[in-house]
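Line by line, the protein sequences are chains Y and C. Under the UniProt record's numbering, the first residue of the first sequence is numbered 1, with each subsequent residue one higher. Under the UniProt record's numbering, the first residue of the second sequence is numbered 1, with each subsequent residue one higher.
Any given hint could turn out to be false.
If several chains are the same, the list does not tell them apart, and a pair holds so long as it fits within one copy or across any two.
[Said to hold, decoys possible] Here are the simulated PhoX-like cross-link-like pairs (lysine-lysine), alpha carbons at most 25 Å apart as the crow flies:
{"no.": "1", "residue 1": "358", "residue 2": "422"}
{"no.": "2", "residue 1": "218", "residue 2": "286"}
{"no.": "3", "residue 1": "522", "residue 2": "483"}
{"no.": "4", "residue 1": "534", "residue 2": "218"}
{"no.": "5", "residue 1": "655", "residue 2": "228"}
{"no.": "6", "residue 1": "168", "residue 2": "145"}
To be clear, the hints were calculated from the coordinates, so they are not data collected in a lab.
There are 2 protein chains.
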Amino acid sequence: MATTLKLMLLILLSLYIFSLVSSHQHHPLDSLTPSEFALVRTIVKKIYPSSKFNITFQYIGLDEPDKPTIHSWLSNPKSKPPPRRTFVIARLDKQSHEIIVDLSTHAIVSDKVYHGHGYPLLTVDELVAAGELPQTYEPYIESIKKRGLNLSEVVCSTYTIGWFGELKSKRVLKLLCFYIDGTVNLYVRPVEGITLVVDLDEMKIVEYNDRLIVPVPKAEGTEYRESKQRPPFGPRLNGAALVQPDGPGFKIDGHTVSWANWKFHLGFDVRAGPIISLASIYDLEKKKYRQVLYRGFISELFVPYMDPTEEWYYKTFFDSGEYGFGQSAVSLKPLADCPANAVFLDAYYASSNGTPVKISNAFCIFENHAGNIMWRHTESGIPQEVITEVRPDVSLVVRMVATVGNYDYIIDWEFKPSGSIKLGIGLTGILEVKGVEYTHIDQIKENVYGTLLAENTIGVYHDHFLTYYLDLDVDGEDNSFVKNNLETIKVTNHSSPRKSYWTVVSETAKTESDARIQFGLKPAELVVVNPNKKTKVGNNFGYRLIPGSATRPLLSYNDYPQIRGAFTNNNVWVTPYNKSEKWAGGLFVDQSQGDDTLAVWSLRNRKIENKDIVLWHTIGFHHVPCQEDFPVMPTLSGGFELRPTNFFDRNPVLKTRPPNLVHWPNCTN
Amino acid sequence: MATTLKLMLLILLSLYIFSLVSSHQHHPLDSLTPSEFALVRTIVKKIYPSSKFNITFQYIGLDEPDKPTIHSWLSNPKSKPPPRRTFVIARLDKQSHEIIVDLSTHAIVSDKVYHGHGYPLLTVDELVAAGELPQTYEPYIESIKKRGLNLSEVVCSTYTIGWFGELKSKRVLKLLCFYIDGTVNLYVRPVEGITLVVDLDEMKIVEYNDRLIVPVPKAEGTEYRESKQRPPFGPRLNGAALVQPDGPGFKIDGHTVSWANWKFHLGFDVRAGPIISLASIYDLEKKKYRQVLYRGFISELFVPYMDPTEEWYYKTFFDSGEYGFGQSAVSLKPLADCPANAVFLDAYYASSNGTPVKISNAFCIFENHAGNIMWRHTESGIPQEVITEVRPDVSLVVRMVATVGNYDYIIDWEFKPSGSIKLGIGLTGILEVKGVEYTHIDQIKENVYGTLLAENTIGVYHDHFLTYYLDLDVDGEDNSFVKNNLETIKVTNHSSPRKSYWTVVSETAKTESDARIQFGLKPAELVVVNPNKKTKVGNNFGYRLIPGSATRPLLSYNDYPQIRGAFTNNNVWVTPYNKSEKWAGGLFVDQSQGDDTLAVWSLRNRKIENKDIVLWHTIGFHHVPCQEDFPVMPTLSGGFELRPTNFFDRNPVLKTRPPNLVHWPNCTN
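Whenever a hint applies, use it, and build me the whole structure from the sequences.
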């Protein structure tokens with residue numbers, strides 16, 4: 001009787017949730033809503049009831065419809081949207097399940113056990129649970145006492161263990177601990193020498209090591225909260241606010257953003273964070289929106305540290321595939337993380353038990369009036385006349401900040417009316433430091449693998465590599481990747497007083513191997529073109545990649561972390577579109593063995609000419625910490641630009657009029 | 001009698017001018033004032049009276065006092081400033097004179113005739129005069145008629161001729177002509193085939209060539225004036241203005257700018273444009289200003305085109321040494337070139353007859369509230385607490401725009417409270433195009449050395465190399481240049497599960513040859529350090545160069561233009577400070593033979609360790625024009641960063657409080 005009642009209630013509940021979901025018109029690329037997460041949970045738990053199974057949801061995301069389905073819906077957006085499906089990775093009986101759930105039929109479409117290497121995304125819940133285990137673990141309590149530290153002031157943080165040639169490993173992570181004791185800057189107070197290993201499936205400590213005692217850095221002056229600072233403050237900055245009498249120039253309809261000549265969809269994924277889809281730009285001459293980017297997101301982040309010693313060697317993190325860049329999103333602080341004219345959007349992901357978790361203000365969107373110049377010219381070559389025409393630049397920024405433990409990543413997508421998309425990345429937050437006995441560099445006679453930042457504090461050398469997935473569809477799906485090589489031509493026949501000049505020798509990549517590019521070796525403009533569509537004078541429509549820096553990995557190619565991070569071996573790769581190839585480091589990255597990376601897929605050397613192709617671009621930072629990065633790091637910025645190149649017949653902002661002048665207003669503040 | 005009167009008047013006038021000058025307290029690095037220009041003219045003309053000599057002033061600039069003199073004045077700024085001296089290059093009897101004038105004693109300190117290769121800066125006046133010569137030149141009138149063009153609608157523009165191995169050449173330039181005929185975008189309507197050579201000392205046409213007839217591009221849709229545009233306009237942008245209730249945060253005292261923790265002097269030179277001197281930053285812990293940059297400016301710009309044919313091969317411009325980046329400064333347009341909160345400053349230079357010329361609004365200075373994040377962290381590792389601290393970034397921008405003929409260069413110096421100086425460069429304006437018969441790329445069977453941008457219009461391939469002079473004095477004059485090479489260490493002894501890591505191997509450059517760096521060859525952090533001063537934990541104070549791109553020249557090293565532009569062969573050079581080594585391409589750049597370039601000075605391989613050193617940094621752009629660059633080019637941005645590296649003991653903006661919040665004001669516009 002009780003069971004029947006429960007079952008009935010469950011059915012009613014699921015019907016209720018279903019009615020909530022279906023009553024509201026989705027864009028087929030919309031991220032999952034709270035009620036959809038609940039529905040997924042209900043559907044999966046019907047098969048794997050809590051009474052019998054201990055199931056955890058490691059990943060729940062949209063299983064996006066195929067491209068043709070999307071395009072057909074777009075051609076008639078009032079038609080019934082394609083069925084909503086979700087992709088679930090669940091952990092059950094020490095196995096990883098890949099489950100596809102159809103939300104329209106409430107059916108599990110497929111449920112496969114994954115038998116390959118590696119483990120899924122870690123959930124926030126299990127990271128928290130693992131971090132709390134030491135509090136009752138006797139050997140640890142002993143170690144803390146031995147160091148004379150106050151147990152209740154020590155917190156432990158979770159670290160993925162990487163892979164170093166082991167044939168098989170359990171689903172474990174390591175814990176390292178920090179001494180709070182009045183500070184909030186815990187990362188600068190490592191309790192070195194203690195390492196705990198936690199089995200996540202058992203949720204218990206399975207290994208313990210107390211190898212050495214190092215003084216805990218005093219962390220003097222590392223307080224960063226404004227409320228705790230003492231004078232002298234400084235430097236002082238005057239306040240300012242942007243006044244927009246006509247309001248913001250953008251519109252948000254569901255998750256579709258329209259601004260100036262741009263239109264795009266903003267999605268959120270627990271793993272990737274922001275996903276920009278269907279970015280297209282209005283062409284004033286052709287009188288229509290033209291496709292630029294079908295989908296773009298940060299596919300993986302590889303952050304290897306450069307200290308080979310016992311407590312540090314394994315620190316070779318994949319911040320997206322292991323920690324989830326999306327679930328690391330923080331609530332943006334109005335008037336600080338984003339300017340006064342920003343609009344904020346929330347995001348949702350599923351906790352390990354499948355219930356939705358809200359991140360308030362996960363995104364902000366704002367018009368950027370940074371004082372830049374869109375284009376200008378002063379003409380003084382015409383007699384008796386000086387002509388000056390200037391268009392001030394305005395751009396639209398979509399921002400998310402992901403804080404993965406100590407580090408804060410600022411992710412910006414900036415759209416310009418000229419057709420450029422600038423992808424910005426800012427590194428800030430707190431360095432991962434190592435406690436040492438040294439208080440001055442004169443004492444250091446060994447390699448310490450980093451910079452002495454303060455007494456007893458080494459900022460360990462490391463890299464940040466961010467790999468972007470950029471499915472450009474330049475005015476259509478079938479595109480080619482062209483290397484416009486800049487080659488020196490020597491003039492040897494005295495046909496010119498010049499001895500040399502450079503010219504462009506274009507090379508269309510036929511297969512994947514033609515499109516593996518390491519920057520710095522050969523000057524070239526890299527363009528994704530539509531080989532089937534031309535401007536009036538005959539140039540192929542294109543978008544080119546203007547890279548920021550030319551950083552490449554420095555680990556040996558055969559080193560285990562680099563095998564896993566082999567997708568960073570080139571700055572650029574091009575693959576044919578394949579729905580399953582989304583994550584450059586593989587679907588199961590935690591303890592992966594590098595057999596499912598972009599580098600491996602690319603070995604198939606598939607044809608990429610005049611096909612739906614994906615551009616993968618890695619930007620990197622070698623980080624040699626300096627004292628200014630301590631105790632919180634001033635933002636270090638990088639990024640790259642996607643810029644229209646013969647995509648338009650002419651400058652697309654030639655006929656843009658300057659924004660209405662807003663004079664100094666009389667304001668009563 | 002008349003002569004005596006004249007002489008007396010002259011003396012009186014010069015006394016009057018002198019009294020004006022001396023009545024006002026100069027900073028010793030202040031640019032020359034209008035009255036100082038007039039005084040220089042008076043003093044020089046006293047020796048070379050107009051009645052007997054035809055003298056033209058090619059360059060008049062401050063002969064800045066030696067560094068020790070400046071430092072001793074700075075230590076007591078109320079003391080008498082050092083005597084004002086000017087450096088003059090004059091053209092007289094077909095010779096170049098280098099004259100030093102002492103404004104305090106009204107004396108000519110030295111007057112030397114220059115016998116080396118090359119000619120001085122061209123003056124605006126002679127460029128204008130040369131451009132007007134064809135109007136009365138019969139063969140030219142004939143050629144224009146032959147083409148069926150309206151003579152009064154053709155204007156001719158001046159082009160330096162470069163050097164191609166000639167042993168000796170007169171001071172000449174070439175003219176190319178453009179058909180206005182209703183347009184203001186004259187550069188897109190070249191009248192190809194006609195080249196005139198003007199002797200500048202004679203100011204007459206000395207060679208004429210009408211080699212071929214090519215259709216003048218119709219230049220349809222190349223009008224860029226807002227007033228002439230017809231609907232549809234677009235994309236539309238909403239207006240905005242920055243409200244600063246507390247006013248701007250910077251102060252300008254004479255030419256010294258103070259803002260937040262920065263203080264610097266802004267000078268103007270007819271050749272270099274903006275010169276930043278004595279940039280120093282206040283250290284909250286040391287309670288004093290500390291030196292960073294003694295002097296910084298763009299030393300030279302090299303712009304070679306890549307078309308070896310008769311009418312184009314010689315186009316290998318040095319925009320600073322030939323055309324004068326300072327005298328090419330345009331009057332900035334408020335609310336367009338600079339935001340509403342900008343403050344504008346005028347600049348002055350001397351015309352060819354020595355009289356002062358004013359450029360209104362040559363500089364703007366504004367606080368940049370671009371919505372960036374100075375630093376942030378969200379801490380969720382502390383139980384029962386989430387801490388978010390964010391400091392929004394504000395920076396101070398000094399901007400000048402130089403329009404050299406068709407091209408507009410936006411030059412930004414951006415100072416950040418964190419200690420970074422960002423040097424930004426924006427390329428916009430109009431491309432140099434070539435008229436051709438082609439209307440579609442399918443017709444092109446030969447190398448056209450560029451991109452077909454529109455009917456009959458080729459955008460010719462070219463480069464822009466900007467070489468910055470950066471006399472960093474990192475907390476004192478004696479500095480060293482350190483390459484922190486990032487080197488892979490292979491672990492072969494199984495001491496770690498890792499097979500590799502990278503570490504920093506520091507190398508202090510002993511002599512100039514150690515400091516010639518081409519980017520992209522070897523990963524390294526490049527730091528100018530003060531080897532005599534250390535942080536508390538023992539790191540040398542430093543500032544590092546974070547480059548933008550890694551562009552290098554593609555011309556053969558033995559090609560004439562590249563011999564002249566050999567200072568671009570490396571991305572970085574370091575020289576010992578030498579007052580005479582200011583101009584990377586030499587003092588006399590027009591038709592120079594490359595014997596007075598940075599590359600030549602550096603061959604002396606002088607000692608640079610623990611000395612007053614100058615860092616030279618070249619950033620480059622290979623420009624493959626695309627249709628979007630036509631008819632006016634959307635700004636392409638680049639730049640680099642000078643960032644404190646162990647200069648401070650810790651993050652210098654840790655104790656910076658966020659600016660006062662300015663809420664949406666109630667404004668009556």
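Okay, the hints, checked on the actual structure:
1. 358 <-> 422: Close neither inside one copy (28 Å) nor across copies (38 Å); limit 25 Å.
2. 218 <-> 286: between (65 Å within a copy, 21 Å between copies)
3. 522 <-> 483: both (10 Å within a copy, 24 Å between copies)
4. 534 <-> 218: For residue 534 and residue 218, the Cα distance is within 25 Å only across copies (21 Å; inside one copy 65 Å).
5. 655 <-> 228: between (52 Å within a copy, 10 Å between copies)
6. 168 <-> 145: neither (35 Å within a copy, 86 Å between copies)
Hints 1 and 6, counting from the list given before, are not met by this structure.
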